[in-house]
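Visitor: Residue numbers (the numbering used here), protein chains in the order written: chain A, -16 to 95; chain B, 3 to 114.
Among the hints, erroneous ones may be present.
Distance condition first, Cα-Cα at most 30 Å in a straight line; then the derived DSBU-like pairs of lysine-lysine [unchecked claim]:
{"no.": "1", "chain 1": "A", "residue 1": "K51", "chain 2": "A", "residue 2": "K37"}
{"no.": "2", "chain 1": "B", "residue 1": "K59", "chain 2": "A", "residue 2": "K(-12)"}
{"no.": "3", "chain 1": "A", "residue 1": "K20", "chain 2": "A", "residue 2": "K82"}
{"no.": "4", "chain 1": "A", "residue 1": "K20", "chain 2": "B", "residue 2": "K13"}
{"no.": "5", "chain 1": "A", "residue 1": "K51", "chain 2": "B", "residue 2": "K13"}
{"no.": "6", "chain 1": "A", "residue 1": "K54", "chain 2": "A", "residue 2": "K39"}
{"no.": "7", "chain 1": "A", "residue 1": "K51", "chain 2": "B", "residue 2": "K72"}
{"no.": "8", "chain 1": "B", "residue 1": "K13", "chain 2": "A", "residue 2": "K39"}
{"no.": "9", "chain 1": "A", "residue 1": "K37", "chain 2": "A", "residue 2": "K92"}
{"no.": "10", "chain 1": "B", "residue 1": "K13", "chain 2": "B", "residue 2": "K72"}
{"no.": "11", "chain 1": "A", "residue 1": "K(-12)", "chain 2": "A", "residue 2": "K92"}
{"no.": "12", "chain 1": "A", "residue 1": "K37", "chain 2": "B", "residue 2": "K72"}
{"no.": "13", "chain 1": "A", "residue 1": "K37", "chain 2": "B", "residue 2": "K13"}
{"no.": "14", "chain 1": "A", "residue 1": "K54", "chain 2": "A", "residue 2": "K37"}
{"no.": "15", "chain 1": "A", "residue 1": "K54", "chain 2": "A", "residue 2": "K20"}
{"no.": "16", "chain 1": "A", "residue 1": "K51", "chain 2": "A", "residue 2": "K82"}
{"no.": "17", "chain 1": "A", "residue 1": "K20", "chain 2": "A", "residue 2": "K(-12)"}
{"no.": "18", "chain 1": "A", "residue 1": "K(-12)", "chain 2": "A", "residue 2": "K54"}
{"no.": "19", "chain 1": "A", "residue 1": "K92", "chain 2": "A", "residue 2": "K51"}
{"no.": "20", "chain 1": "A", "residue 1": "K51", "chain 2": "A", "residue 2": "K20"}
{"no.": "21", "chain 1": "A", "residue 1": "K54", "chain 2": "A", "residue 2": "K92"}
{"no.": "22", "chain 1": "A", "residue 1": "K37", "chain 2": "A", "residue 2": "K(-12)"}
{"no.": "23", "chain 1": "A", "residue 1": "K54", "chain 2": "B", "residue 2": "K72"}
{"no.": "24", "chain 1": "B", "residue 1": "K59", "chain 2": "B", "residue 2": "K72"}
These aren't lab readings, by the way, just hints derived from the structure by calculation. None of these values were measured; they are calculated from a predicted model.
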Amino acid sequence: DQQVKQNSPSLSVQEGRISILNCDYTNSMFDYFLWYKKYPAEGPTFLISISSIKDKNEDGRFTVFLNKSAKHLSLHIVPSQPGDSAVYFCAASSSGTYKYIFGTGTRLKVLA
Amino acid sequence: DAGITQSPRYKITETGRQVTLMCHQTWSHSYMFWYRQDLGHGLRLIYYSAAADITDKGEVPDGYVVSRSKTENFPLTLESATRSQTSVYFCASTHSLWGEQFFGPGTRLTVL
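Just chain A, same shape as in the assembly (with noise of 0.2 Å):
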């Protein structure tokens, strides 16, 4: 049972466009959540992350957005560049545990 979804396993857009990533998740005990891009042939680095308190965090051209009655959450680029292709993994994790399920991943390419 995948607890945390990826429903686009790619997407494409435009340079200088925004990208929009989205991710589903089912456990309503799920309180924190964090994106990640990964380049191949390397480790994920950490993005940007959101609290279940807040429905929105922003850092520079990146914006995570959170609807908790949805179980959904969002992370917009504006404007794309061509560097920020990359596979894009959301993860979540609840209150008073280290684990954090990761979805699938989502492979964004941005066109020059």
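For this one, chain A is given, so just place chain B on it according to the hints.
Guide: Showing chain B alone in chain A's frame:
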């Protein structure tokens, strides 16, 4: 080298052999993790550790053994490798329960 390293980066072995994947971090992070990445599954947690001599099972622990005699090292052993354990393995560490995880570069393991 500062950071988190994994060795070997690539390994080919045969069914039934014992294989040990090494993970070393220089930050003195308390928490360490082993994940495997497979197509269609994202990152799945194998084992994790909260401190030296404290380890626990993740989502997919069968066929794996871990130890943590020193804070900085967290080796993962496949006692009798099977083809289904062909995967990319990532080690990660973090300093706090809510902190981002820092990932190593990964080990690509092929079991023939």
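Visitor: Compare the structure with each hint and give your call.
Guide: Hint check results:
For the suggested pair K51 (chain A) and K37 (chain A), the alpha carbons sit about 10 Å apart, so the restraint of at most 30 Å is met. For the hint linking K59 (chain B) to K(-12) (chain A), the alpha-carbon distance of about 22 Å falls within 30 Å, and the restraint holds. Restraint check: the Cα-Cα separation between K20 (chain A) and K82 (chain A) comes to about 19 Å, which is no more than 30 Å; the hinted pair holds. A distance of roughly 25 Å separates the Cα atoms of K20 (chain A) and K13 (chain B); the hinted pair therefore holds under the 30 Å criterion.
Pair hint K51 (chain A) plus K13 (chain B) does not hold up; C-alpha atoms about 42 Å apart against a cutoff of 30 Å. A threshold of 30 Å between alpha carbons decides the hint, and for K54 (chain A) with K39 (chain A) the separation of about 14 Å falls inside it, so the pair holds. Distance restraint check for K51 (chain A) and K72 (chain B): the Cα-Cα separation of roughly 40 Å exceeds the 30 Å cut-off, and the hinted pair is therefore not satisfied. A threshold of 30 Å between alpha carbons decides the hint, and for K13 (chain B) with K39 (chain A) the separation of about 42 Å lies outside it, so the pair is violated.
Simply put, K37 (chain A) and K92 (chain A) have alpha-carbon atoms about 29 Å apart, close enough for the 30 Å limit, and the pair holds. Straight-line distance between C-alpha atoms of K13 (chain B) and K72 (chain B) comes to about 24 Å, which keeps the hinted pair within the 30 Å bound. A hinted pair counts as satisfied when its Cα atoms are at most 30 Å apart, and K(-12) (chain A) with K92 (chain A) qualifies at roughly 20 Å. Between K37 (chain A) and K72 (chain B), the direct Cα distance comes to roughly 37 Å. Violation of the 30 Å bound is thereby established for this hinted pair.
Of the pairs offered as hints, the one joining K37 (chain A) and K13 (chain B) is violated, with about 43 Å between alpha carbons and a cut-off of 30 Å exceeded. Pair hint K54 (chain A) plus K37 (chain A) holds up; C-alpha atoms about 13 Å apart against a cutoff of 30 Å. Taken as a hint, the K54 (chain A) and K20 (chain A) pair is honoured in the structure, with Cα atoms around 21 Å apart against an allowance of 30 Å. Annotation: proposed proximity of K51 (chain A) to K82 (chain A) holds, straight-line Cα distance about 20 Å (limit 30 Å).
Restraint check for K20 (chain A) and K(-12) (chain A): satisfied, since their Cα atoms lie roughly 16 Å apart, inside the 30 Å limit. For the proposed pair K(-12) (chain A) and K54 (chain A), the alpha carbon gap of about 11 Å is at most 30 Å, so the pair holds. As the CA atoms of K92 (chain A) and K51 (chain A) are separated by approximately 28 Å, the hinted pair is consistent with the 30 Å bound. A hinted pair counts as satisfied when its Cα atoms are at most 30 Å apart, and K51 (chain A) with K20 (chain A) qualifies at roughly 23 Å.
The suggested pairing of K54 (chain A) with K92 (chain A) holds, with an alpha-carbon distance near 26 Å, which does not exceed 30 Å. Among the hinted pairs, K37 (chain A) with K(-12) (chain A) is consistent with the structure: their alpha-carbon atoms are about 21 Å apart, no more than 30 Å. This hinted pair does not check out: K54 (chain A) and K72 (chain B) have alpha carbons roughly 39 Å apart, beyond 30 Å. With a C-alpha separation of about 18 Å, the suggested pairing of K59 (chain B) with K72 (chain B) holds against the 30 Å cut-off.
In this structure, the hints that do not hold are numbers 5, 7, 8, 12, 13, 23, in rising order.
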